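Residue numbers (this note's numbering), protein chains in the order written: chain R, 1 to 158; chain A, 1 to 101.
Derived from the structure by calculation, the hints contain no laboratory data. Among the hints, a few may not be true.
Anything over 10 angstroms on all C-beta distances counts as not near chain A; from chain R, calculated [claimed, not checked]:
id, residue
1, Lys15
2, Ser35
3, Leu116
A short list of chain R residues far from chain A (calculated; beta carbon distances all over 12 angstroms) [stated by the list, open to error]:
id, residue
4, Leu9
5, Arg76
6, Ser87
Mimicking DSS-like on lysine-lysine, the simulated pairs with C-alpha atoms at most 25 angstroms apart in a straight line are [stated by the list, open to error]:
id, chain 1, residue 1, chain 2, residue 2
7, R, Lys21, R, Lys10
8, A, Lys41, R, Lys124
9, A, Lys36, R, Lys124
10, A, Lys49, R, Lys124
11, R, Lys124, R, Lys136
12, R, Lys2, R, Lys15
13, R, Lys2, R, Lys136
14, R, Lys139, R, Lys21
15, R, Lys2, A, Lys36
16, R, Lys139, R, Lys124
17, R, Lys136, R, Lys15
18, R, Lys136, R, Lys10
On a predicted model such as this, the values are computed, not experimentally measured, just so you know. We treat Cβ as the ideally placed atom computed from N, Cα and C, and that holds for glycine.
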Amino acid sequence: MKFCDFVQLKAIKPKLSATNKEAVIREMVTTLVESGQLGADEHESIVEAILKREELGSTGIGRGIAVPHTKHPSVRSPVGAVGISPSGVDFQSLDGEQVQLFFMLVSPPDQPSDHLRALENISKQLQDETFCRFLKQSKTAEDIQQILEEADNNQFVS
Amino acid sequence: MSQPTRTATVTISNPQGLHMRPAYQFAQAAAKFECKIELIKGDIRIDGKSVLSILTLGAAQGTRVAVEATGPDADQAMDVLEGLLSSGFSASAETGEASAG
Numbered sequence: 001m002k003f004c005d006f007v008q009l010k011a012i013k014p015k016l017s018a019t020n021k022e023a024v025i026r027e028m029v030t031t032l033v034e035s036g037q038l039g040a041d042e043h044e045s046i047v048e049a050i051l052k053r054e055e056l057g058s059t060g061i062g063r064g065i066a067v068p069h070t071k072h073p074s075v076r077s078p079v080g081a082v083g084i085s086p087s088g089v090d091f092q093s094l095d096g097e098q099v100q101l102f103f104m105l106v107s108p109p110d111q112p113s114d115h116l117r118a119l120e121n122i123s124k125q126l127q128d129e130t131f132c133r134f135l136k137q138s139k140t141a142e143d144i145q146q147i148l149e150e151a152d153n154n155q156f157v158s
Numbered sequence: 001m002s003q004p005t006r007t008a009t010v011t012i013s014n015p016q017g018l019h020m021r022p023a024y025q026f027a028q029a030a031a032k033f034e035c036k037i038e039l040i041k042g043d044i045r046i047d048g049k050s051v052l053s054i055l056t057l058g059a060a061q062g063t064r065v066a067v068e069a070t071g072p073d074a075d076q077a078m079d080v081l082e083g084l085l086s087s088g089f090s091a092s093a094e095t096g097e098a099s100a101g
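Throw the hints in and build the complete structure from the sequences for me.
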């Protein structure tokens, strides 16, 4: 599943203003509402579901990366948001480091294979140092979208 | 001097596949051992101590995955890791993710 299948331009935040974990999650869910991929009336319930998932163990998987996610019946296919925090946010990551790169994923509960394929793509690309560095250096949503497009075209991972 | 190697092939049994919680659970269990742990799916071979690497397998329910442990404590590692994969992980990992994501 390519980035273009689940990340829209309006759901890309090159400069997150949030400075703590819950605020980052709220800000990113807001972008999904603004991009029209989530209903405004679902905002709170999705924020709560993602926070509840974080309680089971942080999705901050190290190297400045977090993949906050949930399964939620309001979506029919996986939807994603990308956010960058230039200064970094404490996300209780496994390695204790601050997180700069956030990939949020909301998937339908009844399609575990789609969720896995979206996670598979995100994790493959995030293993590439150049991909991560380019994202962190991006200043605009358009720049980030272009990097995601290049990733979709296998320009980072062989 | 060659290191002891043990391998086992298991079928992913949990309905949600190897998503983030079980990937984390596996990597955390693997990291407790000194030996090198790798997961093999088809011609892909990855570091079994890395959550990110395990996620790249995209292993859904029914996928056949081989575990290979190489090193002094390979026997003990395989006993734990093979059990973890074939048992479908702990109830908390699976139900937690199913309800909360």
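Consistency of the hints with the structure:
no. : hint                : in the structure
1   : Lys15               : 25 angstroms, holds
2   : Ser35               : 19 angstroms, holds
3   : Leu116              : 5 angstroms, violated
4   : Leu9                : 24 angstroms, holds
5   : Arg76               : 16 angstroms, holds
6   : Ser87               : 23 angstroms, holds
7   : Lys21/R / Lys10/R   : 21 angstroms, holds
8   : Lys41/A / Lys124/R  : 15 angstroms, holds
9   : Lys36/A / Lys124/R  : 21 angstroms, holds
10  : Lys49/A / Lys124/R  : 15 angstroms, holds
11  : Lys124/R / Lys136/R : 17 angstroms, holds
12  : Lys2/R / Lys15/R    : 23 angstroms, holds
13  : Lys2/R / Lys136/R   : 20 angstroms, holds
14  : Lys139/R / Lys21/R  : 22 angstroms, holds
15  : Lys2/R / Lys36/A    : 31 angstroms, violated
16  : Lys139/R / Lys124/R : 23 angstroms, holds
17  : Lys136/R / Lys15/R  : 10 angstroms, holds
18  : Lys136/R / Lys10/R  : 18 angstroms, holds
In this structure, the earlier hints numbered 3 and 15 are contradicted, and the remaining ones agree with it.
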